[in-house]
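Given chain A, work out where chain B should sit, using these hints.
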Amino acid sequence: MITPLKFYEIFEQKKGRRRSLFTKSLVPGKQVYGEKLVTEKGTEYREWNPNKSKPAAAIMKGLNQFGLKPGDKVLYLGAASGTTVSHFSDIVGKGGMIFALDFAPRVVRDLVSLCEIRENIAPLLEDANKPESYKDKIIHPVDFIFQDIAQKSQAEIFIKNVEMFLKKGGYCLIAIKARSVDVTKKPSNVFNEVKRFLRERVEIVDYRELDPFEKDHAFFVCKKR
Amino acid sequence: MAKDFRELRRKLIAEAKKKVRESTGKDNLIVQAVSCIDETDRAANLLAKRLREWYSFYLPEFSSSIASHQKFAELIQKKQKKELLAQIKLKEEDSMGAEFPKEDVNAMLELAKALGSLYNLKEKQAEYLEKAMKAYCPNTTAITGSLIGAKLLSLAGSLKKLSSFPASTIQLLGAEKALFRHLKTGARSPKYGILHEHPLISQAKKAEHGKIARLLADKIAIAAKVDFFKGDYVGDKLKNDIEKRLKK
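Protein chains in written order, with the numbering used here: chain A, 1 to 225; chain B, 1001 to 1248.
Worth flagging that the hints you see were computed from the coordinates, not collected in a lab.
Just so we're clear, the structure is a prediction, and the values are computed from it rather than from any experiment.
Even for Gly, the Cβ is constructed at its ideal location relative to N, Cα and C.
Take these hints with a grain of salt, some might be off.
The list that follows gives simulated cross-link-like pairs (lysine-lysine, DSBU-like), each with its CA atoms no further than 30 angstroms apart [what the hints assert, rightly or not]:
#  : chain 1 : residue 1 : chain 2 : residue 2
1  : A       : Lys61     : B       : Lys1184
2  : A       : Lys160    : B       : Lys1161
3  : B       : Lys1082   : A       : Lys152
4  : A       : Lys30     : B       : Lys1017
5  : A       : Lys186    : B       : Lys1161
6  : A       : Lys186    : A       : Lys135
7  : B       : Lys1003   : A       : Lys160
8  : A       : Lys152    : B       : Lys1017
9  : A       : Lys152    : B       : Lys1161
10 : B       : Lys1003   : B       : Lys1049
11 : B       : Lys1026   : A       : Lys130
12 : B       : Lys1019   : A       : Lys186
13 : B       : Lys1019   : A       : Lys160
14 : B       : Lys1003   : A       : Lys215
Calculated Cβ distances over 10 angstroms to all of chain A for the following chain B residues [stated by the list, open to error]:
#  : residue
15 : Phe1005
16 : Met1096
17 : Ala1098
18 : Asn1120
19 : Lys1184
20 : Leu1215
21 : Lys1225
22 : Asp1236
Incomplete in silico selection of chain A near chain B, CB under 7 angstroms [what the hints assert, rightly or not]:
#  : residue
23 : Ala104
24 : Ala122
25 : Thr184
26 : Pro187
27 : Val205
Okay, chain A solo, but in the shape it has when bound (with noise of 0.2 angstroms):
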């Protein structure tokens, strides 16, 4: 049986112990990285992995606040292959959109394939670190900002690019790789230094670490004053 959570458009299904996330498929018929695709009902849903998707890793450790709703439009910043962002894409629906940013052509190869089947994604090959090269790009002020690169400045980042697109009030999510940020410092005060940063800049509403699904990485849910 797959039942509503209390977030917008995400599922859940319970099999014994066994508990697994999913979105309703935009596209239905269409795997996007080999995930398993559930029909119920007529209605066709796709399995959300938290081994490979951060935001579903945070759902799982019982985040409260995920702030992503049908009809937003979103700056996704580090999108890689589109892992998360198809889901993303499955939960704004038909009237979201959203901008997938990402920096190494590689990856936005896959990307673009991905915006071809999905029409509320948008790719964008430019680098997060410098919003003013993509600013007229985009369409802003956005609702929800979600970030996951593996940079040293990462937070520095997202804060640029939440003060300069996001609208007020809206949630901006973050994934902090602690390696990334110093390798020798203990991932505990690694996220307490990346706590106190974000802190004075925007409202943290709830914050939770992803093991065992991702090693030494924490997410914060955020919502710009």
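Chain B alone, transformed into the frame defined by chain A:
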């Protein structure tokens, strides 16, 4: 609004496609070629071991008489069992090998044939790499040779990145695991990465390895910068500098 987005999306897809197309350079091709050589090597080694194991039921004494896998695969295809026995001066009745019908032996020889073509592939790719590296980064290649040069390029990601690295980073390319272990736990620091494959290092005394790696990395850092900014050829001069320093 939705219509705006539809048009914008079409434009952005076209732009991303164009950028991806234009981002492909000689770096990408060299990185692929050197990975191909590495993987062919690994595959060939694996299959060669299988071939020797297999063929040794037929003629066990021959395998240990030849060190080179490539030669081994060639010879067992070219010569009959009798000739091979004569070559290692062994009487047929002294051999531990069993007799098989022709089809069983042919199955082994098929593998030998495929192995031969793998070695052939590797040689062809190495020739290509040599040419490509000499044209793309002649100075770096003069110091490192095409294979190590290409591996450095592949570890750095591109010539642009390699040219922006300081010598100390180049010295440790390929030793990331040891480096981070050193930074994290205070274990002894690595002295060289992929550069240890360089003949000047592998042939030197153990105590000198670190020093020579440092010297090589210094010169490679210069060479990569010259290569990237398309300066005049200084490869021979850099090479001479290295040799002079080594003589001291």
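Going down the list of hints, with the structure as the test:
The suggested pairing of lysine 61/A with lysine 1184/B holds, with an alpha-carbon distance near 29 angstroms, which does not exceed 30 angstroms. The straight-line distance between the Cα atoms of lysine 160/A and lysine 1161/B is roughly 25 angstroms, inside the 30 angstroms bound, and the hint therefore holds. Restraint check for lysine 1082/B and lysine 152/A: not satisfied, since their Cα atoms lie roughly 66 angstroms apart, outside the 30 angstroms limit. Straight-line distance between C-alpha atoms of lysine 30/A and lysine 1017/B comes to about 22 angstroms, which keeps the hinted pair within the 30 angstroms bound.
Proposed proximity of lysine 186/A and lysine 1161/B is supported: the alpha carbons are some 29 angstroms apart, at most 30 angstroms. In summary, the hint linking lysine 186/A to lysine 135/A is not supported, as the alpha carbons are separated by about 36 angstroms, beyond the 30 angstroms threshold. For the given pair, lysine 1003/B sits about 29 angstroms from lysine 160/A by alpha-carbon distance, which is consistent with the 30 angstroms threshold. Restraint check: the Cα-Cα separation between lysine 152/A and lysine 1017/B comes to about 28 angstroms, which is no more than 30 angstroms; the hinted pair holds.
Of the pairs offered as hints, the one joining lysine 152/A and lysine 1161/B holds, with about 17 angstroms between alpha carbons and a cut-off of 30 angstroms not exceeded. At roughly 62 angstroms between alpha-carbon atoms, lysine 1003/B and lysine 1049/B are farther apart than 30 angstroms, so this suggested pair is violated. Restraint check: the Cα-Cα separation between lysine 1026/B and lysine 130/A comes to about 26 angstroms, which is no more than 30 angstroms; the hinted pair holds. Between lysine 1019/B and lysine 186/A the alpha-carbon distance is near 39 angstroms, which puts this suggested pair outside the 30 angstroms criterion.
For the hint linking lysine 1019/B to lysine 160/A, the alpha-carbon distance of about 24 angstroms falls within 30 angstroms, and the restraint holds. With a C-alpha separation of about 42 angstroms, the suggested pairing of lysine 1003/B with lysine 215/A is violated against the 30 angstroms cut-off. A beta-carbon of chain A comes within 10 angstroms of the beta-carbon of phenylalanine 1005/B; the shortest separation is about 5 angstroms. Taking the minimum C-beta to C-beta distance to chain A, about 49 angstroms, the non-interface status of methionine 1096/B holds against the 10 angstroms cut.
Listed as a non-interface residue, alanine 1098/B keeps its Cβ farther than 10 angstroms from every Cβ of chain A; the least gap is roughly 47 angstroms. Every beta carbon of chain A lies more than 10 angstroms from that of asparagine 1120/B, the smallest distance being close to 30 angstroms; the non-interface claim holds. At the 10 angstroms boundary, the C-beta of lysine 1184/B falls inside the reach of chain A, the nearest C-beta of that chain being 6 angstroms off. For leucine 1215/B, the requirement that its beta carbon stay farther than 10 angstroms from each beta carbon of chain A is met, with the minimum near 28 angstroms.
Every CB of chain A lies more than 10 angstroms from the CB of lysine 1225/B, the least distance being 23 angstroms, so the non-interface label holds. No beta-carbon of chain A is positioned within 10 angstroms of the beta-carbon of aspartate 1236/B; the least distance is around 35 angstroms. The beta carbon of alanine 104/A comes no nearer than 9 angstroms to any beta carbon in chain B, farther than 7 angstroms, and the hint placing it at the interface is violated. Residue-level restraint check for alanine 122/A holds (minimum Cβ-Cβ distance to chain B is 4 angstroms; threshold 7 angstroms).
For threonine 184/A, the interface hint holds, since its Cβ comes within 7 angstroms of a Cβ in chain B; the closest pair sits about 5 angstroms apart. Restraint check, proline 187/A versus chain B: the minimum CB separation of about 12 angstroms is more than 7 angstroms; hint violated. Taking 7 angstroms as the C-beta contact cut-off toward chain B, the hint placing valine 205/A at the interface is violated, the least distance being around 28 angstroms.
When held up to the earlier numbered hints, the structure conflicts with 3, 6, 10, 12, 14, 15, 19, 23, 26 and 27 and fits the remainder.
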